[in-house]
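> Listed below, chain by chain, are the residues.
Protein chains: 2
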Amino acid sequence: MKRKCLEGDGCPVARALDVVGDWWTLLIIRDAFAGVTRFGDFQKHLGVAKNILATRLKDMVEQGLLQTREVGARSEYQLTDKGRALMPVLVTLAQWGQAYTEPEEVGAQVLDARSLKPLRKVEIVAEDGRVLGIGDIVTQMPGA
Amino acid sequence: MKRKCLEGDGCPVARALDVVGDWWTLLIIRDAFAGVTRFGDFQKHLGVAKNILATRLKDMVEQGLLQTREVGARSEYQLTDKGRALMPVLVTLAQWGQAYTEPEEVGAQVLDARSLKPLRKVEIVAEDGRVLGIGDIVTQMPGA
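If you read the protein sequences in the order shown, they are chains A and B. Residue numbers for the first sequence follow the numbering used here, so the first one is 65 and each next one is one higher. Residue numbers for the second sequence follow the numbering used here, so the first one is 65 and each next one is one higher.
The hints are simulated quantities; they were obtained by calculation from the structure and are not laboratory data. Check each hint, because a few of them may be wrong.
When chains are identical, the list treats them as one kind, so a pair holds in a single copy or across two.
Using 20 Å as the maximum straight-line C-alpha spacing, the simulated EDC-like pairs for lysine to aspartate or glutamate come out as follows [what the hints assert, rightly or not]: (1) LYS114 x GLU140; (2) LYS108 x GLU191; (3) LYS185 x ASP200; (4) LYS114 x ASP145; (5) LYS146 x ASP82.
Can you make the complete structure from the sequences, with help from the hints?
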């Protein structure tokens, strides 16, 4: 499937997907948050072919989501601030996956580091502090 | 790029991406939130080939993200509850895109319907109400 490049698109959702829309990217980010830094460990966790993983990691470094650090003879991949800022996307994706896909058993979890308890369901909040339901939100398209 | 099917995977992020990981899916969801219901309008907004759009919409109906409704001689696509529940994912993606990708000009926006003002930045909150920074969160992998 050919991807239309939306880089520079007026819509921030489209621009975000242009960077993180590849299916592997968010799984790599997820693993990086869980402390994975080495090529071989990403490969083991993701069950992905070496050439695909190598391309993806290279792209993610170029996009500024990851940075490499030489540790002895080995490269380690670490999240940049831009990559770490994707945490809310992972949390909302995980909460949606938990609610709407099988199995309901708990898998990878994002937890509060202090209590090791699950997080609250993410709330969408208006500027004045009201918690918004889906019906309280409108989307405006560019040029609309 | 061959996708490894993660349906049934223990990780809710992976399961969510198995449903919404295709680049077009979230753009279609975004358009549906903005009120787009007709095939031709999705096509016009997304600039996507008819056959790709047709396949994607069909998949999304099968996955329960959209439902079709016959209006006269025409089919309309409407978000299901499962599809509408992706709003927090779109909001966090848009906020990340706004912060970390060019251009900084405002494009499509998700707004509070009452005030038509932008939403607050999504916060990640612990069970006891503490607002968490990225360093306050730990990710546990399945089986870890």
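> Each of the hints needs a verdict: does it hold here or not?
Now for the hints, and whether the structure bears them out:
| no. | hint | in the structure |
| --- | --- | --- |
| 1 | LYS114 x GLU140 | within (16 Å within a copy, 43 Å between copies) |
| 2 | LYS108 x GLU191 | neither (43 Å within a copy, 32 Å between copies) |
| 3 | LYS185 x ASP200 | both (17 Å within a copy, 16 Å between copies) |
| 4 | LYS114 x ASP145 | neither (26 Å within a copy, 38 Å between copies) |
| 5 | LYS146 x ASP82 | within (14 Å within a copy, 24 Å between copies) |
When the structure is compared with the earlier hints, violations turn up for hints 2, 4 and for no others.
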